[in-house]
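Chain by chain, the residues:
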Amino acid sequence: DAGVIQSPRHEVTEMGQEVTLRCKPISGHNSLFWYRQTMMRGLELLIYFNNNVPIDDSGMPEDRFSAKMPNASFSTLKIQPSEPRDSAVYFCASSSGTGTTYEQYFGPGTRLTVT
Amino acid sequence: QKEVEQNSGPLSVPEGAIASLNCTYSDRGSQSFFWYRQYSGKSPELIMFIYSNGDKEDGRFTAQLNKASQYVSLLIRDSQPSDSATYLCAVGSSASKIIFGSGTRLSIRP
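If you're matching them up, the sequences are chains Z and X in order. The numbers in the first sequence follow the numbering used here, run straight up by one, and end at 115. The numbers in the second sequence follow the numbering used here, run straight up by one, and end at 110.
Honestly, I wouldn't trust all of these hints.
[Said to hold, decoys possible] In silico DSSO-like pairs for lysine-lysine, Cα to Cα no more than 30 angstroms straight-line: (1) Lys24(Z) x Lys97(X); (2) Lys68(Z) x Lys97(X); (3) Lys78(Z) x Lys42(X); (4) Lys42(X) x Lys68(Z); (5) Lys67(X) x Lys97(X); (6) Lys56(X) x Lys2(X).
Please keep in mind that the hints were generated in silico from the structure rather than gathered at the bench. Source: prediction; values computed, not measured.
Input sequences plus hints: build the corresponding full structure.
Next up, the structure:
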């Protein structure tokens with residue numbers, strides 16, 4: 001069974017450019033989470049969806065960040081315009097439960113570098 | 001006070017010994033508790049979860065939860081060099097948020 005799939009694995013872009021990160025959750029999972037991990041701030045929850053509906057986006061740092069989940073097998077996290085401080089590893093995770101009380105399974109992450 | 005606190009380490013343990021990792025949390029209404037292992041450059045990997053007070057064992061791993069003390073721990077018996085990693089404690093809070101600790105770096109010395 002395939003795990004969570006993320007693409008691209010690495011992204012290098014210049015400040016001001018738009019960046020789109022993609023995620024395919026584990027089949028049958030109904031919750032999807034986007035995280036950002038940096039040395040300074042650790043692992044932070046940005047947003048999570050349940051049954052394709054955004055439930056909590058309070059972790060999204062600012063309006064430059066947006067996330068969508070058009071169907072149960074695909075989600076995107078977009079940063080427009082990107083800034084050097086957005087450099088981090090972005091993880092997508094999925095869960096078979098509702099909310100945050102169930103175990104989550106993480107994808108391999110996208111390492112974003114904004115120059 | 002951080003919502004989920006862990007000692008950053010590094011915690012150095014000799015091979016074959018028991019490694020004890022600790023985590024405290026501030027939200028008394030928290031209901032779910034998870035331990036993730038993260039190797040350098042890799043994604044977090046779930047190794048244990050616990051919802052009720054007491055101990056839960058899975059192979060060499062034991063999770064211990066004490067809700068009264070707001071404390072959760074992970075014991076690793078017969079530590080192996082492959083256990084060297086960062087261990088993240090995560091707590092599902094009463095506000096339906098999951099909060100991760102900053103992690104404890106564990107080093108198993110041969």
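Structure-inconsistent hints, enumerated in ascending order: none
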